[in-house]
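Chain by chain, the residues run as shown.
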Amino acid sequence: MNRRAFLTVTGTGATAGFAGMKLTHRDTPLPAGPAGNSAVAVLRADSYTKDLVSPILGGIRACSPQLADYVKGRRVLLKPNLVEFDSNTAINTDPRFVMAAYEVFRTLGAAEVMIAEGPGHRRDTLDLADQARYFDNVPGFEGLFTDLNRDDVSPVTNFAGEERMYFPNTALGADLIVSLAKMKTHHWAGATLAMKNFFGLVPGSVYGWPKNKLHYIGIPQSIVALNRRFRKTFALVDGIVGMEGNGPIQGRPKASHVIVMGRDLVAVDATCCRIMGIDPAKVEYLRLAADMGHIGTDRIEQRGETVASVRTDFELLESFRQLRLV
Amino acid sequence: MAEVYLDRRRAALRRTQNPDGGWGYFPGKTSWLEPTAYAMLALDGDPAAREAADRAWKLVQSWQLPDGSWRAGATVEDGTWVTALAVTLCSVRRDYGTQFEKGASYLLGTCGAENRPLVRFLRALGLGDKEVDTSHPGWPWRDGNSSWLEPTAHALVALKKSAAQVRSPVLKTRVGEAEQMVLVRRCRDGGWNYGVRSALHVDLPSYPETTALGLLALQGTTAPIEESIALGRHLWLRPKSPLAHAWLTIALRTWGDALPAPDEAEEPPKDIMLTALQALAHPNGNFRLLKTGRPA
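Just so you know, the sequences run in chain order A and B.
Residue numbers for the first sequence follow my numbering, beginning at 1 and rising by one.
Residue numbers for the second sequence follow my numbering, beginning at 1 and rising by one.
There may be inaccurate statements among the hints.
[Said to hold, decoys possible] Each computed DSSO-like pair below joins lysine-lysine, with the alpha-carbon atoms no more than 30 Å apart:
no., chain 1, residue 1, chain 2, residue 2
1, B, K172, B, K291
2, A, K232, A, K72
3, B, K240, B, K291
4, B, K130, A, K282
5, A, K232, B, K29
6, B, K130, B, K172
7, B, K240, B, K29
8, B, K29, A, K72
9, B, K291, B, K270
Read the hints as simulated data drawn from the structure, not as lab findings.
Okay, chain A solo, but in the shape it has when bound (with noise of 0.2 Å):
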């Protein structure tokens, strides 16, 4: 059975995705990944009512000290992960974080700082913003905002095997994308972290609410195609308090107080997957991209806190405990 025909006989097409890596092999050996080692740090985070912008310029010069001269005078657009709200759970990146991050790069001296997402089940995008405490906490942010789901768009061609698709304007013109990710467990891809947190970067108004299209061209498939397409990227990953179970919308709140930042976004997440206790090697759309970025401990250079001091276990679903990293 092929995958289209699997989606759609399981009903996952209708519901939010499927579990990709049900239908690939673990156990085929992982390409050698790009030369070099990858930095990554990992900062502790006791809550978002501390300074938050010193750590992060200071993990950022740890882990990537040619940012700071590359953000100088360009655009810089941050992508969080809103998604829904729920009061009771942790599902978006904290609007805390978000406004550290905004006055992180401002201080870098990016000409212009940008906040732009395109959640994909809400359509009434600034409202889910506002729920989720954004005005609140970023002044102006209605003029920093732009809605990728209704942003004007350009076509690129070759993604993912598909003849064209379109992106946003906003996104295709930034020089620098931060994935201001979530750090929380996902019922169909295992986690969902910096990677698949570009997700937002598909246009609603031409691939619907949610973006069905990426589900058919298989999770995994469409993370990997994502970040192959936005190369000039950073990663930083609110792990102060994330989701754990039944995520990416209905788990629980999990702290683990950590902050984790990085230029090579399959090094990120890698290591966000250890410190919730998954085997990122497990995690089939980590596999797909292992010839861009690193995933093994061999090639990543921790900055920081060890993996080992804050590796804070999350509960996974039944479905997915084979990731658990032993």
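Got chain A sorted already, so can you dock chain B onto it with the hints?
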């Protein structure tokens, strides 16, 4: 009664029309079919907008693709769910020519991928997830994808509104099946989520905007949906999202609710689609254009 609220919104729409005749989601942005369709509906019958409406209609007509679908906007070559909105516009303008026929035919020939023959066959063999009842075909956002609530609601409005003009033996069946699809996907509280009622056996919440679209889709149904209407009324009383409030107002008015007028002094939003929907939702607005019966 001075209709400051409605007049301001219509004036804002006239002012923000693009030179090509369409509207963007926001002023000065590229034209898209979705905001153009709602702006055209909101301005229908406005004597000051006659020329604007004709220019808009010419643009919309130029966006139909050879397969009968309509492209999503000026810079998008793909046909999408907005085909339903274009078919509704054909009905409103009583333009039942070839373009209408091709558009309606495209809708009748499109369904969610979960209802294609191969998938139905596989399901008949016992393969598949029993949690989601995918036996009733609705409409997808794009051809080749699964059915979802919103595109199904728009297609139902389009086809029911133009039923008398659609010469197809499958019309009644498609409408009935799609209504069933909307009904079986109702959440536990009677409202609608954007997709299904549960995922991984956990109930999903209903949302005000999708509940409004569910009610719009089921106009004329004989199925018991009092609970859904009551939920819609309840959600209408505590609006958070202006978009959801506009859709709920439109939906409840089509079901005959005499809701109070909005605060006349409220300024129009910058969002063009929201401006148009608020104009449609006004007691003297054109929400009636989205009223439908059922195919005879």
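Here is what the structure says about each hint:
Our distance criterion of 30 Å between C-alpha atoms is met by B/K172 and B/K291, whose separation comes to about 18 Å. Of the supplied pair hints, the one linking A/K232 and A/K72 holds, its CA atoms being roughly 14 Å apart against a limit of 30 Å. Using a Cα cut-off of 30 Å, the hinted pair B/K240 and B/K291 holds, with the two alpha carbons roughly 25 Å apart. Between B/K130 and A/K282 the CA atoms are separated by roughly 28 Å; this keeps the pair inside 30 Å, and the hint holds.
Distance restraint check for A/K232 and B/K29: the Cα-Cα separation of roughly 26 Å lies within the 30 Å cut-off, and the hinted pair is therefore satisfied. For the hint linking B/K130 to B/K172, the alpha-carbon distance of about 27 Å falls within 30 Å, and the restraint holds. Under the criterion of a C-alpha separation no larger than 30 Å, the hint pairing B/K240 with B/K29 is consistent with the structure, at around 26 Å. Restraint check for B/K29 and A/K72: satisfied, since their Cα atoms lie roughly 28 Å apart, inside the 30 Å limit.
Proximity of B/K291 to B/K270 is assessed by CA-CA distance (about 27 Å); at most 30 Å being required, the pair is judged to hold.
No hint from the list above goes unmet by this structure.
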